[in-house]
Amino acid sequence: MRTIHASRITQAVSELYTESSYVIGDDVRAAIDAARETEPSPAGRSTLDQISENYRIAAAERVAICQDTGMAVLFAEVGQDVHIEGPAFEEAVQQGVRDAYLNGYLRKSIVADPLFGRVNTKDNTPAVIHARIVPGDRIRLTAVAKGFGSENMSALRMLTPAEGVQGVKRFLLETVEKAGPNPCPPVIIGMGIGGSFESAAMMAKRATALPLDHSNPNPQYKALEDGLLRAVNDLGIGPGGTGGVTTALKVHIIQAPTHIAGLPVAINICCHAARHATVTI
Amino acid sequence: MKTVHLNLPLDEAAVRSLRAGDTVTLTGSIITGRDAAHKRLVELIDRDEPLPVPLAGETIYYVGPAPASPGHAVGSAGPTTSYRMDSYTPKLLAQGLRAMIGKGLRSREVIEAMKTYGAVYFGAVGGAAALIARSIVSSEVIAYPDLGPEAIHRFQVKVFPAIVLIDSFGSNLYETGPKLYRKSDL
Ligand code: SF4
Chain A
1 MRTIHASRIT QAVSELYTES SYVIGDDVRA AIDAARETEP SPAGRSTLDQ
51 ISENYRIAAA ERVAICQDTG MAVLFAEVGQ DVHIEGPAFE EAVQQGVRDA
101 YLNGYLRKSI VADPLFGRVN TKDNTPAVIH ARIVPGDRIR LTAVAKGFGS
151 ENMSALRMLT PAEGVQGVKR FLLETVEKAG PNPCPPVIIG MGIGGSFESA
201 AMMAKRATAL PLDHSNPNPQ YKALEDGLLR AVNDLGIGPG GTGGVTTALK
251 VHIIQAPTHI AGLPVAINIC CHAARHATVT I
Chain B
1 MKTVHLNLPL DEAAVRSLRA GDTVTLTGSI ITGRDAAHKR LVELIDRDEP
51 LPVPLAGETI YYVGPAPASP GHAVGSAGPT TSYRMDSYTP KLLAQGLRAM
101 IGKGLRSREV IEAMKTYGAV YFGAVGGAAA LIARSIVSSE VIAYPDLGPE
151 AIHRFQVKVF PAIVLIDSFG SNLYETGPKL YRKSDL
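Chains as they are written, first to last, in this note's numbering: chain A, 1 to 281; chain B, 1 to 186.
Everything labelled a hint here was simulated from the structure, so no lab data went into it.
None of the values given here were measured: they were computed from a predicted structure.
Idealized CB from N, CA, C, for every residue including glycine.
The reader is advised that the hints may include incorrect statements.
Claimed, not checked - Dumping the calculated DSS-like pairs for lysine-lysine here, alpha-carbon to alpha-carbon at most 27 Å: (1) LYS115(B) - LYS91(B); (2) LYS158(B) - LYS178(A); (3) LYS179(B) - LYS169(A); (4) LYS122(A) - LYS39(B); (5) LYS222(A) - LYS2(B); (6) LYS178(A) - LYS91(B); (7) LYS183(B) - LYS222(A); (8) LYS178(A) - LYS222(A); (9) LYS178(A) - LYS39(B); (10) LYS2(B) - LYS115(B); (11) LYS169(A) - LYS222(A); (12) LYS169(A) - LYS2(B); (13) LYS183(B) - LYS39(B); (14) LYS122(A) - LYS108(A); (15) LYS178(A) - LYS2(B); (16) LYS179(B) - LYS115(B); (17) LYS115(B) - LYS39(B); (18) LYS39(B) - LYS91(B); (19) LYS108(A) - LYS39(B); (20) LYS179(B) - LYS39(B).
Claimed, not checked - To give an idea of the chain B side of the interface with chain A (calculated C-beta under 8 Å), a few residues: (21) PRO67; (22) GLY78; (23) GLY126; (24) GLY127; (25) ALA130; (26) SER139; (27) PRO149; (28) TYR181.
Unchecked claim - The following residues of chain A were derived to be distant from chain B, with all beta-carbon distances above 12 Å: (29) ASP33; (30) GLU177; (31) LEU212.
Make a model of the complete structure from these sequences and hints.
Listed below in structure tokens is the structure:
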């Protein structure tokens, strides 16, 4: 049994959201710069230049990469041999989010009720928390700050098993085509295939936060990821949606066992301001 | 790509000379507004009441900036997705709104109103919010302070980078651009 004080969780969460709002991951920066070299569209190249320069300014001045600093979504893997001392785990996380957004000059974008009044909570809480209990005596936290320009273009469909790989491809291309310029391409696409209605959506969100050099360990799924990426980029939407060959940087798939009658497919679109970070306590 | 440097406010002749795909910079005064401010403006228009800011000749930027950190006029301030304003926009264009800055698709009704009234839709790079903030030299809340980042601000901008997405004749870079690079059908 290992004891971790809740204040350490609060501090870790606060640092994750602050840093990831200012500093883009090296993988994303490198992918944008590589795309700049191969993008044939002049307007597309100009967009990629501005995106790259924006990363540089945000990191140097320690300001938000994008003004939509997102809804905080936190994935936590809590070792079952950890004892958390002090405030409740979820309250410790919410306090970390509050600290980051209040002290870090990050925009507060959360309203308390989705339908009536829509009054801003003024500290960007509550965060969405997905916690799992795992073996071990550590806590692993992955913070995602999700902008809603791209979140709004995401989709979930319950396909029939007969629709198979072709159905998955058609659903993805329809979703990306319909989104067009709205989610700030180039995007990173997270797909959850299988599981149940809600777990497919969670796998898709988790997939958007995988490193860009990570591929699915299953060769069939890796081939599917690569094929889907090519198909998405053949749509011609391009950087900023004004035409080009760089519509997506990566398609990540997480798959899971599912029911004999079903084929759930969730698509979570993440913009080039792909803000996420992980820490192990 | 040739860049056209524009001074604001724009008159109808200036707007009619712009074509989808033109790279531009904007210098002068603009206002901001997003969903909640649009809702309030259109409620006033529907009741025939005066607006807190006259729209004739104005350029509106769809943005909800991040808070300014010390030493900055404004926090990161990139465009938000424009389609959420579409149901309100024709009424604002009828009031003389001359230009919009945002990102993403517009409805048929908005494009028709742009053609009728002589208005232009500029795009700024979504997510390039710290870069764009550098071209905003001052910021002041001029209406609806209770809306926080969604309040109507007046920005003075200097060489604000943009592109003409949809011109006043209805030509749309989001249709013509991707066609050039499309290699497959659904
Ligand atoms: S989609 Fe992403 S990059 Fe675009 S405005 Fe929203 S958070 Fe920013």
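Which earlier hints can't be squared with this structure?
The structure conflicts with hints 2, 5, 12, 13, 15, 20, 26 and 30, although it agrees with all the remaining ones.
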